[in-house]
Amino acid sequence: MSQVDLLLAVLTAFCAVYAVLGVLWWITDRADRAAVARVDGTRVDPYHAVATIDGDQGADRAAAAELLLAGLIRIEDDGQVAVTGRGAETDRMPEHPVPAAVLVTLRGHTRPHPLIWLYVDAEHCRRRAPFLRAEDARWPRWSDHAEDRLQIAAILVAPLLAGWLAAQLLYVSDAFAPNAAEIAVGAFLGLLTWAVFALVLHVVVMAVWPERRDRFAEYCRTLPPHPAEAALDAGQREQLARAMAYSPPSEPDPWPLDTPGAF
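Here my numbering is used: position 196 in the sequence shown is 196, and no number is missing along the way.
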């Protein structure tokens, strides 16, 4: 078999692999469509729906809306959130675990606290995570946010093809000579060639390969907004938006450029 025939055979094999992966992607997408068509919107928890669309911060935002409606928190003029007198009463606790987690976290701060900082609060995440994980388990097809393992496989095939092409290029160029120094140079050039081919093929695959669509997230976007957020009046919506947009004031530079000795 000539080198040209071998090249055509290998390229044909890789094309067949990508064709099989493409068929599997199509089958998966059809199954996703069929599965989401059977979802009953009344069984989707509103907090889980918000978290599916906007992430954990979205769930915290909806929880803050519920607590604001219940008078358990207040939003300061600067956008920070504080627990009210009613919210500080330990016998007052929301039934849902997500607003309960937000209220418990805010009770742990004696001063007003930024709502958006709850997202990076490890203790708060540990309080909220069990519920969201349990809800994800109810929809196992979309757990891990519809991870596209076929795309991962398509990406991993590209370096294999790049390695084979690089080896063939070195072979036809007679880079492997008996001299040890030339062998070392040939190996270095081979690795460099493989890296270039792999990068190019990776870019091509990422540009061409259709990612798996999260049909469950698309379905959640068609559901009504979270009941607590929908029940807010205009003033409360403005307060909640201010809380989500809050950014702590930056500290003054201790060494401004016009200060003697700054450098």
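Treat the hints as calculated values from the structure; they're not laboratory data.
Keep in mind that a hint or two might mislead.
What the hints assert, rightly or not - If you anchor each label on the Cβ, the simulated ranges turn out as follows:
1) H202 / H109: 42 to 50 Å
2) A129 / A187: 45 to 53 Å
3) L160 / A241: 19 to 27 Å
4) L11 / R221: 20 to 28 Å
5) H109 / A129: 45 to 53 Å
6) V17 / A122: 40 to 48 Å
Just so you know, even glycine gets a beta-carbon here, dropped at the ideal spot from N, CA and C.
Comparing the hints with the structure gives:
1. H202 / H109: 42 to 50 Å: 46 Å, holds
2. A129 / A187: 45 to 53 Å: About 48 Å separates the Cβ atoms of A129 and A187, which means 45 to 53 Å holds.
3. L160 / A241: 19 to 27 Å: 50 Å, violated
4. L11 / R221: 20 to 28 Å: 41 Å, violated
5. H109 / A129: 45 to 53 Å: Violated, at about 20 Å.
6. V17 / A122: 40 to 48 Å: 43 Å, holds
The structure shown violates the earlier hints numbered 3, 4 and 5.
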